[in-house]
Amino acid sequence: MPTLEFAPLFWWGLPLAAAPVLIHLINLLRQRRVKWAAMEFLLASQQRYRTRVLLRQVVLLALRTLAVLGLVAALAQPRWRPAGGIAGGTATSHLVVLDDSLSMGDTTADADERETDAAAGDTRRATAFDRGRRVVERIAADLASSSGRHRLGVAVTSRLAAAPDAPELALPFTDMTPGSLPAVRDALGRVAAGDSAAGPREACAAAQRLAAGIGGPRVVWVIGDGRSRDWLGGDEPAASLRQIAADGVTLRLVDCAAEAAAANLTLERLDVAGGVPAAGVLVPVEVEVRNDGAIAVRDVAIDLREDGGGRPGVRIDEIPAGGTARRRFDVRFTTPGSHAIEAALPGDSLRGDDVRRTVIDVAERVDVLLVDGGVDAGADARSGDAFYVATALDPGAGAATGLRPRIVPPATLAATDLSRFASIWILDVERLDAAATTAVEAYARGGGGVVFFCGPRTRADLVNATLHRGGEGLFPVPLAGAVELLPDAKAATQPPDVVVEDHPVVAVVAGQRNPLLDAVRIERFWAIDRGFDAATQGVRRLLSLRTGQPLALEKACGAGTVVAVLTTAAPEWNNWARANPSWVVVLLELESHLAQLRRRAESVAVGSSVTVKLEAGIDEAEVDFLVPPDAAIVRQKAVATSGATLEAVLPPTAHAGLVEARWRRLDGTTRQRSIAVNVDPAEGRLERVGAGRLQAALRGVPFRYDRATDVAAVAGDVGGRPLALPLLLAVAGLLLLEQAVAYAAGYHPVRRSSAWSPRP
Amino acid sequence: MTRGSRRFLRPDAIARIHRLELRARAVVEGALAGLHKSPFKGQSVEFLQHREYVRGDDLRRVDWKVWGRQDRFTVKEFEEETNLRLTLLVDGSASMDYDGGAAAVPPRPTKYDTAATLAASLAWLALSHGDAVGCGVFDDRLRASVPARTKRSHLASVCDALETPRNAGMSDFPRVLRAAAEALPKRGMVVVVSDLLGDRDGLFAGLQLLRTRGHDLALIHVLDDDELDFRFDGPTRFEGLELPADLTCNPRALRDGYLAAVEAFLGQVRSRAAALRCDYALVRTGEPLAAALVRFLSRRASVAV
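Taken in order, these protein sequences are the chains called A and B. Each residue of the first sequence is one higher than the last, beginning at 777 in my numbering. Each residue of the second sequence is one higher than the last, beginning at 107 in my numbering.
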């Protein structure tokens, strides 16, 4: 049933309703006495008007008492609550959505705020999350002391985003009384700003569904740090908040961030920058740092660790304000397996984004598949195109590249497991059967790198029909025919046949005229269809001929890359592979380029699940995951997905660090793999949205915005309909009516006339 | 105040004259200026004697023959004139002690003071014309009284009777008037000065008795301004001066009913007085007594003519 609620002040003020009666009694005591002669007339009048006089007095007293009661009630914060719903009855339910994303760990403060750190037995600088926690405590205290029933539930954004349909509340809905405050504090003490990137944008939809399932008056509090990335761009969280408001829920937004601008450095990226992750081979790694401050930062030291051990760090001379800077360094691991690299910045106001990890899976050797069209099954593969490519990719002793070329004839391609190869080189193959074509295409689309060399065995009709397929297939361009590159008769000296285009593969030989590349002579090549517009088809040149025709082109295929070199690898149509060092350099760069996607270091974002793929019949179907921060073991069963592949999935992680997956093989050996879990570097963008832009972003959504320091008592916003103003208006009406009745009853003083007029 | 009464002394000024005789004289002198003839004189065919002319005598009664012969003004007195007996009955009951209290601005005399002053004024007027004047103060019985005499020095006796300390008990009109009717030997004029707050049926029965005995009647009704206007404010406890009753009320709430009752009372008194051919005059304690006297005497004079 509907209820009318008042603050405790109402009950203290209730005795004031007796004031009119007391005043009436006091006035009776203060009456004047008159010795009167004409009592008979007075008594006659009293007899005649007794009822009317009594009625007026009663009405007057009642009006005055009601006015006093009304005034006391109006001052006692009255609220009218309609009948409650299924859950909660007539209580007002308050759902607090507390942002526990990484950015809430920002310690930028307007004042020297400190927070007690019970674990360390000391104090530390307060974070935005600490301020948010204090806001929740203040809300709880106000609800506990206000009149009426109030329930409080607290949810953190990371859990709301992780399980939007069945979120786990940090504090289940609890009736707010002074006795429940310790439980609130305990619950809040168990939550902290984590490494998650899930903020209001990710959590408000779940909050809306949660609030919609609650009956009665509701208030949703979104407490966060008001970052632009949470509120600007995209439909969320505006769409969810609009729905929340449309559901009749009162919306309060509280900003816990400091007004002072945060100057933050973020480790944006730590990744393998090429090379071959093989034992004993130098692998280039690149680190990128972003400066979100208003001024440039100089001489930034980056600490590096390999597999937990220290190693020399690197320095960045200057990072411009609002900009990024990169730095490369090399790592070399002598043993195969997962190797972790960790980079760390000096601590600043937000420490969570100052550390980043990556894991490189180092192999003994990295297999590269060479499909040589000139090799029959069982024939010697140490001649022809494959020989020259293999020699470049694996020169042999003294020049370890980490690559291990595997040469196969085209007929065995379909039966070969392509997934274990870093790249596939198809060298002057006359035809690929449908199965092989499908397998290679799948390999490329899955992120693999494929390179074609075209020579005398290449058949343009088959290439165009089965591999190019009008641009839908694997091969980047349609072939026209093999042609000779004639000397330039007009030139006094022959210009170089090969022109280097702007492409990272050939960047090492680009720039000034390179005598090694200038020495390359192309006698014959495959021309492409004149009507083909490479630019519009997304095809990019690596090398061109002096005639302007393409020599090497690249095209993306799904997630992978395909390169077509329109001449032979062997020195049959050209002299490149014959004792020209640039051949080795370019091929190694090409291999690195083709394999970079598959060779990318393993890293997932906090809040993502971690998947480990196993082989059915080889690996046991159970994986132990050691989860940061304390290496807790989570055992997961591996389930079959497709073919002979099993997958074990670790549920979404909550902390950054290294996840180690361990499992046993059927032969008794153990395997392990490391996966780096990193924070979302965007959490380091601490730019605040501000009240003005927030209003614009949430246009049409009724809400109240407060800074954390300004959130005072919630008495004015505890759900229900406030009745103070209507009651005050009613009291004013009562007082007017009281005056009218008092005038009619003769209680108003008369203005006496000093002149007398004799009666005739 | 009316234009005419501006000439008269204000009631508070009259009240400050402590001696009733002097007070009456002040009232009469103020009144006489407005009078053209004595209201008490009638016409008779029986010549009785000459007497010296005094101011106020009707010039038509001046004996011009005597003036012609003796060069002095004399008037003819007839038998009826020398037989006027004025009996003044003044109500001295408790209800006559009301004077408006300290709240009265300007202060007013009590109803009794007003009645006594009026009675003394009438006595002085009548004695100055050679009429016999008797007086009595009553409440539940006739208390102080003086027989009718014609000597001018009798005014002091009348004033003494009026100034005698009173019992101020309850009024008993029928008893007093019956006693007066039996005590008066001859027909004359009886003037009752009272607030008439009592047994009105008994009052008019008594007056009827006097009328039956051939007396000429006049009723001077003295009431306080408060009793006529009832302008009270604020919680008040009214305690009866004669009636053993009290009432706590908001006076303004009862004013309309009170005034209606007073109006009915006055109307009833007037009509019953008229039925008895009794002169009636309502006198407020707040009005100048000379004006009230003039009003009464003028009315008498117009009736007499």
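Think of the hints as simulated: they come from the structure by calculation, not from any bench. Computed from a prediction, not measured in an experiment: that's the story for all the values here. Hints may be right or wrong, so weigh each one.
Restraint ranges, calculated between C-beta atoms of paired labels, are given here [what the hints assert, rightly or not]:
1. 382(B) with 1509(A): 55 to 63 Å
2. 1502(A) with 374(B): 52 to 60 Å
3. 369(B) with 1501(A): 34 to 42 Å
4. 374(B) with 1501(A): 35 to 43 Å
Over 10 Å on every C-beta distance to chain A, these chain B residues come out as not near it, computed from the model [as the list claims (entries may be wrong)]:
5. 201
6. 217
7. 258
8. 287
9. 311
10. 343
11. 353
12. 357
13. 358
Simulated coverage check for chain A against chain B, where a stretch passes if three residues somewhere in it have a Cβ under 8 Å from a Cβ of chain B [what the hints assert, rightly or not]:
14. 816 to 825
15. 1176 to 1187
Yeah, the Cβ is synthetic: ideal placement off N, Cα and C, and Gly gets one too.
List of violated hint numbers, smallest to largest: Hints 3, 4, 5, 6, 10, 11, 12, 13 and 15 contradicted; others consistent.
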